[in-house]
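Protein chains in written order, with the working numbering: chain A, 4 to 802; chain B, 25 to 316; chain C, -13 to 162.
For the record, the hints were derived by calculation from the structure and aren't laboratory data. Check before you lean on any hint, since a few could be wrong.
Only part of the chain C face toward chain A is listed, based on derived beta-carbon distances under 8 Å [to be verified]:
{"id": "1", "residue": "Thr36"}
{"id": "2", "residue": "Leu87"}
{"id": "3", "residue": "Arg131"}
{"id": "4", "residue": "Thr142"}
{"id": "5", "residue": "His155"}
Every residue, glycine too, gets a C-beta built ideally from N, C-alpha and C.
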Amino acid sequence: MATAMFGERVQRLADAKLVRGEGRYIDDIPLEGALHVAFVRSPFARAKILSIDCDAAREMDGVAAVYTCDDLGRLDLEMPLLIPHPSLTEPRTQRPLAKGEVFHVGQTVAMVVAVDRYTAEDAIRMVDVDYEPLEVELDLEAAIQDDAPRVHADVANNVAAQFVQTVGDPDDAFARAEHITKIKVQVDRSTAAPLECRAIAARWDDITGELMVWDGTQAPISVRGGLASILGLDEDKVRVTAPDVGGGFGQKVLLFYPDELLVPFAAMQLGRPVKYIEDRNENFIGSSQERTQIHELELAATKDGEVLGLRDSFLHDTGAFIPYGIAIAQVASTSIAGPYRVPNIWVEFKAVYTPTVLVTPYRGCGRPQACFAIERAMDKLADELGLDRFEVRRRNLIRDEDFPYRRDGLVFADGLPLEHDSGQYGKALDMVLEHIGVDAFAAEQEAARAEGRYIGLGLGFYVEGTGLGPYEGSHIRIHPITGKVYVNTGLTCQGQGHETVFAQITADQLGVAVGDVIVVEGDTGVFDWGVATFASRAAVVSGNAIHKTALKVREQVLEAAANMLEAAKEDIVLEDGKAFVNGVPDMAVTLAEVATASNPLRYAFNEAAKTSTQFAPAFNHDGPALGEGDAPGMEATDYYSPPHATWAYGVHAAIIEVDPGLCSVKFKRYICVHDCGRMINPTLVEGQIMGGVAQGVGGAHYERIEYDEDGNPRNANFMDFLMPYASEVPPVEILHLETPSPLNPLGVKGVGEAGCIPVGQVLVSGVADALKPLGIGPLEHVPLTPDMIFQALGGEKDE
Amino acid sequence: MKPPLFDYVTPESVEEAVAARAAEEDSVLLAGGQSLLATLNFRIANPALLIDISRIAALKGIDVGAGEIIIRAMVRQREVELSDAVHGANPLLREVLQKVAHTVVRNRGTIAGSIAHADAAAELPAMLLATEGVVDVQGPGGTRVIEASDLFKFHLTTSLAGDEMITAVRIPNLAPNTGWSFKEFARRRGDYALAGICALVTLDDNGRCTKARLSACGIASTAVRLESAEAELAGSTLDENTIARAAKAARDCVTAADDSQASTAYRRHLVDTLTQRTVAVARDRALERRAA
Amino acid sequence: MTRSIRKVLAKESSDPRREISLSVNGEAVTRSVSTRLLLADFLRHELGLTGTHVGCEHGVCGCCTVSIDGATARSCLTLAVQADGAEIRTIEGVAPAPDILHPVQQAFHECHALQCGFCTPGFIMSVVSYFEENENPDLGEDAIRDALSGNLCRCTGYQNIVKAVRRAHELMSGEA
């Protein structure tokens, strides 16, 4: 067999067009006569809408239509609650256009459709909305008090959901504890900020009754299903496709954003294609965000640092609406024990409404918060017990022999029991410490201090439940003329390189070049069974579905080639796009010939097709061209549904230098040991990790969505929301471990979100270590800004 | 985020530009546009008329003379940064310009435009204050010169009349026995600084400071001179204690209120550190230049 | 769905317009444009050169970077009318031939320096310009990162872009 493509550093197939600027993102799609949308958005966090006057806007030159909720007919509705859960007792979801009241600055109040975006933006300023502002509470802890102003008038204490899960007997563990460590930590709100904002375009065909929608979504199949039912169209008449998409990171998995319903609606109403290209400011005030959680965590431990039990109670900010259910808080609560055994757990959360942009998963999805909480607590435990922080971790890590390690009582975000399936946690910790040179570091640190420099070692360990179900599917067909292999799957790509890794998986089974595998995804017109891209699941769920499908097609090819070559099926080898008899390379047929021969033809429309026509030598003259039960062509469909999430993990460590004069920090080295099971393409795995770390650096030190006390966003732009440039992100040294997942045929685990999870802890623990001699106060809040370091050092001194 | 409607003219002389400015009160000059276009896109600005001065030949070119550098109003920041003649006459400019936004922005942005924009956090107004430069101004009534110390009135506000425009920025060449330094702390490379300090110190033959000029950006409602700190340095040999005293005095020049990136106390801390570091570098450079 | 009577709609806005002539990727172009039209929108929607992307419209992200008269510029912070008489180069004008990549493009591909590809044209314009401006470019880590600051990428973490800059230099110096 030729070299397996699985595991190879294959260069990406998607690059050639992208480096030439020939990608096709939604705003690049030329739609003759397209109209453009802009929204009137609420300037208040909470207000009653007393009146909306659209007359002046409607009369403007170039304005096609102005809509308020009263003009929407059946679309004047509450959006679906996507993931219901019994604990979510007070679900509230957004509406396409506000009806009577608004719940956050930026909420859509009216929609203008005009000849171009410039004119549409002129017109939204001519819509006169009369508001009566209402009282608001932005502080999460204050918001749950009895007398707090409510986001939704009928939701007491602003609590949408409250949920408790328990493992073992936590009360007993705390009763037995020799030491209890308590900590309160906070992670602030951030946003995915994909460089392409959200975008949607729609074209309605009056003649055929077909609706074509281009949507930069991570979930086109679900969007299609929802759109069809809400608009009252047959599913087959609605095609949703996600073309090239400029990053998603979770923000684009939510459905529906107002524009996703209203743009198709307007296209149908107005008989012209309609486009909505969200701008950056709108992305900050209209598209979902994530992160704010406040954890109060306690560890019950022995004097030797063995953790007996954990209690965590946390508040989760869900913004003004909760259409994605409790997913984020549930992931955080079930990831709270990290990589540690912790046999007894009590974890409770409240999901709290605030009058802010709605919250749905952003890369990491609750894991960065959980990791920050448990890892800060482990450092504090070690500190209080006078033990080495790495040794305390080592004593508590799930041991190799403990796998599969179940946490009975915890239900993960896939609705299934939580089981860490495989890993080498101890080895990962040893690797990272050895690579960073932990033994030599103490001397280095001392020497630096003697020169007045402050360096510290930061470390964070994380686990990540990946590859969630319910399922994905795949369809593979060998093209009869070219022999190229077409692979379809239902999820979408936002730059992860699916087309390359899926081609690698397929190429291995069919013996073709990776470049001859053409992957098409994210188009309901091509394949419409499946779910979406989220939760680090594409390689696991679609990858295995494609693998299973490729095996089926392989069987078909072997059988057909064996017939054509008059050889035993076991002797057929597939390589270089050909099937040949083992040891007799001249006895060969190409895949194109096999595919053509398996499709009986009447017309010889090209040279190859001749072989399959009725008077060709190969034609069977004794009966039907296609035997009973046979299907033409080399083609199959299959599905993969994981038994439950598969758990990846890793350890990051960094050497961090702090300049107390500026309270600035610099990563001098950043090391990542990572295990996502078997790697399909290490280069792409590393790309995911490096990108994740950069986002983690953002969340650790730079990026915070800010609201003032009235709920006005204060930094809804790229000048003030500090996404790091190349100058702020360190190079990452990556070491791989590959512990196969026993749960799926390929042995893979997800990697998409991993990189960002532990960075807050890495930075904070490194800064704490660096500044220990200066008596730094507790650091329990990210992003950790220079000003916060300044305050932790005691604020202004008079020396 | 698209600009609002406006009229647009491209005068070919300063006189035409000034006349256009005088004829339409709600007009704004467009030079490099690196700040203006963003405010238009956000629709923070909504002027009736844009006067694009980039076609005016008389506003192009740099002259480096024996005493000063003349930078006409349409000279891009990048051109000044890369000019070896400018660097030879006053090396502070390159050091400051390298901290102004990013290359791509300096390719379009002008020196005069940034000074006229008068952002309190921008580096170039602070540079103008420290160098004691001037701007040449032309209005319907003729020309006048405004000294740096009279120019900056408030964040985004100068003492120029509504119908006047800057035609050139003039910056004295670096005086003999003078050292220079600019340092700032910005959250990201190229961002406006939380605080930035320009230092110019002149030493006599005994290493005593005969003149110190310190200015800062990002710490008040305009770029400011740090006069109390300058007073601490003048007449001293710039030993560490003196510098520390000056830095402490500089702290009190911080008047900016707390904002989301920096509290007043933290800005004071930054000003202290940056003053110490810039003065030390300027002193060392002055000593080197004297030795050379 | 009830259908409303269609309004008569213009094909374009009634904005005041001005004729501009410029060179784009070596080709002379004369068009009448709205005076407020951003250069980025002009290139994308009037000329169909959609490789110049729009990521923030306030000059921070760098996705819209093009070259104006030989120097990089934000096409979102430039009006089309300001480009009257200028020579513009966009990502579409970088590759020497339809089937040959520019060394910088080639290096981005080889080094996995792109993921979603949205920021990529802007980065490539910046890097091409970095090499054109510096005969002996500083290829130290800090210098490269400094040259890249001004372009945001949300996918790659920049590391492979730094690598691609070095690789592009190798390709251009004929070192394999």
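Tested hints:
Using the Cβ-Cβ criterion of 8 Å, the hint placing Thr36 (chain C) at the interface with chain A is satisfied: the shortest such distance is roughly 4 Å. A hinted interface residue such as Leu87 (chain C) counts as satisfied when its beta carbon comes closer than 8 Å to some beta carbon of chain A; here the least separation is about 6 Å, so the hint holds. For Arg131 (chain C), the interface hint holds, since its Cβ comes within 8 Å of a Cβ in chain A; the closest pair sits about 4 Å apart. A least Cβ separation of about 5 Å between Thr142 (chain C) and chain A falls short of the 8 Å threshold, and the interface hint therefore holds.
Interface restraint check: His155 (chain C) against chain A, minimum CB-CB distance 16 Å, threshold 8 Å, status violated.
Checked against the numbered hints given earlier, this structure breaks only hint 5.
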